[in-house]
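**Q** Here the protein sequences line up with chains A and B, keeping their order. Residues in the first sequence are numbered consecutively from 1, following my numbering. Residues in the second sequence are numbered consecutively from 263, following my numbering.
Treat the hints as calculated values from the structure; they're not laboratory data. Quick reminder that beta carbons are idealized off the backbone N, C-alpha and C, glycines included. Warning: the hint list may mix true and false statements.
Covered stretches of chain A (in silico footprint by chain B; criterion: 3 or more residues with CB under 8 Å from a CB of chain B, positions within the stretch not fixed) [to be verified]:
id: 1; segment: 131-141
id: 2; segment: 157-165
Here are some chain A residues the structure puts well away from chain B; computed CB gaps all over 12 Å [claimed, not checked]:
id: 3; residue: V26
id: 4; residue: G72
id: 5; residue: A171
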Amino acid sequence: MLRLLFSNQLYLGLAQAGMAGLTAMVVVLLARKRGIHLVSETLIAMVRGMVQIVAVGSILVLLLRGPRWAGGFCLAGMMIAAGAISSRRAKGIPGAFRVSAWAIIFGAGSVIALMTWLGVIDMAITSLVPVGSMLIANAMNTNGLALNRFRADVLSHAGEIEAALALGADANGSVAPYVQASFEASLIPAIDSVRSLGIVWIPGLMAGMLLSGARPVYAAIYQFVVLAMIFAASGLTSLVSTLLIRGQVFTSAEQLLLQPGG
Amino acid sequence: MSTHETSDAVIVRCEHLRRVVRVGDEDRVLIEDATFDVRTGEVLAIVGPSGSGKSSLLRLLNRLDEPTSGTVLLEGVDYRQIAPRELRRKVGMVTQRPYLFPGTVELNLRFGPGQRGVEMTQGSVDQVLVEVGLKGYACRAVAKLSGGEAQRVSLARTLANSPLVLLLDEPTAALDEVSKLEIELLIQKIVREQKLTCVLVTHDRAQAARLAQRAMILESGHVVRMGPVTEVLHA
Numbered sequence: 001m002l003r004l005l006f007s008n009q010l011y012l013g014l015a016q017a018g019m020a021g022l023t024a025m026v027v028v029l030l031a032r033k034r035g036i037h038l039v040s041e042t043l044i045a046m047v048r049g050m051v052q053i054v055a056v057g058s059i060l061v062l063l064l065r066g067p068r069w070a071g072g073f074c075l076a077g078m079m080i081a082a083g084a085i086s087s088r089r090a091k092g093i094p095g096a097f098r099v100s101a102w103a104i105i106f107g108a109g110s111v112i113a114l115m116t117w118l119g120v121i122d123m124a125i126t127s128l129v130p131v132g133s134m135l136i137a138n139a140m141n142t143n144g145l146a147l148n149r150f151r152a153d154v155l156s157h158a159g160e161i162e163a164a165l166a167l168g169a170d171a172n173g174s175v176a177p178y179v180q181a182s183f184e185a186s187l188i189p190a191i192d193s194v195r196s197l198g199i200v201w202i203p204g205l206m207a208g209m210l211l212s213g214a215r216p217v218y219a220a221i222y223q224f225v226v227l228a229m230i231f232a233a234s235g236l237t238s239l240v241s242t243l244l245i246r247g248q249v250f251t252s253a254e255q256l257l258l259q260p261g262g
Numbered sequence: 263m264s265t266h267e268t269s270d271a272v273i274v275r276c277e278h279l280r281r282v283v284r285v286g287d288e289d290r291v292l293i294e295d296a297t298f299d300v301r302t303g304e305v306l307a308i309v310g311p312s313g314s315g316k317s318s319l320l321r322l323l324n325r326l327d328e329p330t331s332g333t334v335l336l337e338g339v340d341y342r343q344i345a346p347r348e349l350r351r352k353v354g355m356v357t358q359r360p361y362l363f364p365g366t367v368e369l370n371l372r373f374g375p376g377q378r379g380v381e382m383t384q385g386s387v388d389q390v391l392v393e394v395g396l397k398g399y400a401c402r403a404v405a406k407l408s409g410g411e412a413q414r415v416s417l418a419r420t421l422a423n424s425p426l427v428l429l430l431d432e433p434t435a436a437l438d439e440v441s442k443l444e445i446e447l448l449i450q451k452i453v454r455e456q457k458l459t460c461v462l463v464t465h466d467r468a469q470a471a472r473l474a475q476r477a478m479i480l481e482s483g484h485v486v487r488m489g490p491v492t493e494v495l496h497a
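Using the sequences provided together with the hints, build the complete structure.
**A** This is the structure in structure tokens:
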């Protein structure tokens, strides 16, 4: 219907974004009726997301004409931003940004570098930046989930952790079960994505490749490649993140910093 | 009042302990200038109403929390000179809720010694269980224990670490009257037989009178009175 109303692609895009955003807001308003208040947070997130993606789209247009190193520069900026965003899931834990940034740089950055070196990711900016950003975005989500779960587990098991410390356990050992649980929980979405590939969903990248004329079988194989890379980047990020964050909830004298109500 | 041999030797000396925490935009004083001794082999009761800082003070003694100023000497040594893990083995703690680790009773008993690479023999495990009246409980799942039994396991778990000083933080507060008296008798027996030094936090003055030789009254983080239990509690 919108296509009949708008012949200009830009206006059509804005109208489509408006409709999709409106649908999301209806869901949020329905949730509000059940006492779940997410209206302002969702509204801000959507406006912010829209502005960001349009800005990135505009920058990409410039980048496509730029030198190759500009792609690496762009990805580095994305990793720092991803670290800042996901670190908010670790409220009250000192050094969460540093931990998140290093985890994403090591997790997503190393997978992007290795895959680019092997030729799995094309070095052209048009390929490196979009594929790299997918890895970084998923690493960010995984990191956020891991930190959120770890924080919640430490808060709800402060008694058990201090009981272990009081018996002479070292700080890392006292939170080991919660580090493991956080790592496992953070990877559930990545595992489910690989598991349901092609059955539950056909990801955007594959759809895009098909629309741009790639052979369907190659598009399908490359989609698997991307998901496998996402899994590797997310897993490595979560592994590094959970290992680094455990030390942040203790003082140098192995006293638990994160306390319920604290 | 509990009567057993105590010494005049000081095992724990607290010097001007102060603990201040940040709550919102303001500093809250939990403990203010607490200076006192704990003598070898005695039971010292810390008594006071809820929120008076009893548990906060106890947590400073095994350095689960850091004093803002002041220090604690354990056998004459500043406890900041002792590795936290070694300090906490020497100054064992039993909390109001037992916080047992998932698994069996035996697994809980082996936890502390295992942290420093000591493997308890089956005989040692059984002996500790006999001491706390839980003979034959080694393979029981902790999830199936009653409140009183769980608290006994918590006590046994701490004793398995062979502490010099035992900190008891309201050990019977979460128990029914029967279990409470059983745990009290158990504490009396263990303290007497093992000649353990014990610091007991309780809001129950009668319990303090039954278990301790000396008592300290804490109010709003301040030590307001300290001395023989009969004198302090009846003053």
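**Q** Please go over all the hints and tell whether each is borne out by the structure.
**A** Structure-based check of all given hints:
1. Only residues whose C-beta sits within less than 8 Å of a C-beta in chain B count toward coverage, and the segment 131-141 of chain A has 0 of them, not enough to reach three; the restraint is violated.
2. Given a C-beta distance limit of less than 8 Å, the hint that chain B covers the segment 157-165 of chain A holds, as 6 residues qualify and 3 suffice.
3. For V26 of chain A, the non-interface assignment is confirmed: its Cβ lies about 38 Å from the closest Cβ of chain B, beyond the 12 Å cut-off.
4. Distance check for G72 of chain A against chain B: the nearest CB is about 42 Å away, which clears 12 Å, and the non-interface claim stands.
5. With a least CB separation of 9 Å from chain B, A171 of chain A falls inside the 12 Å interface cut-off, contrary to its annotation.
Hint check: violations occur at hints 1 and 5; the rest are consistent with the structure.
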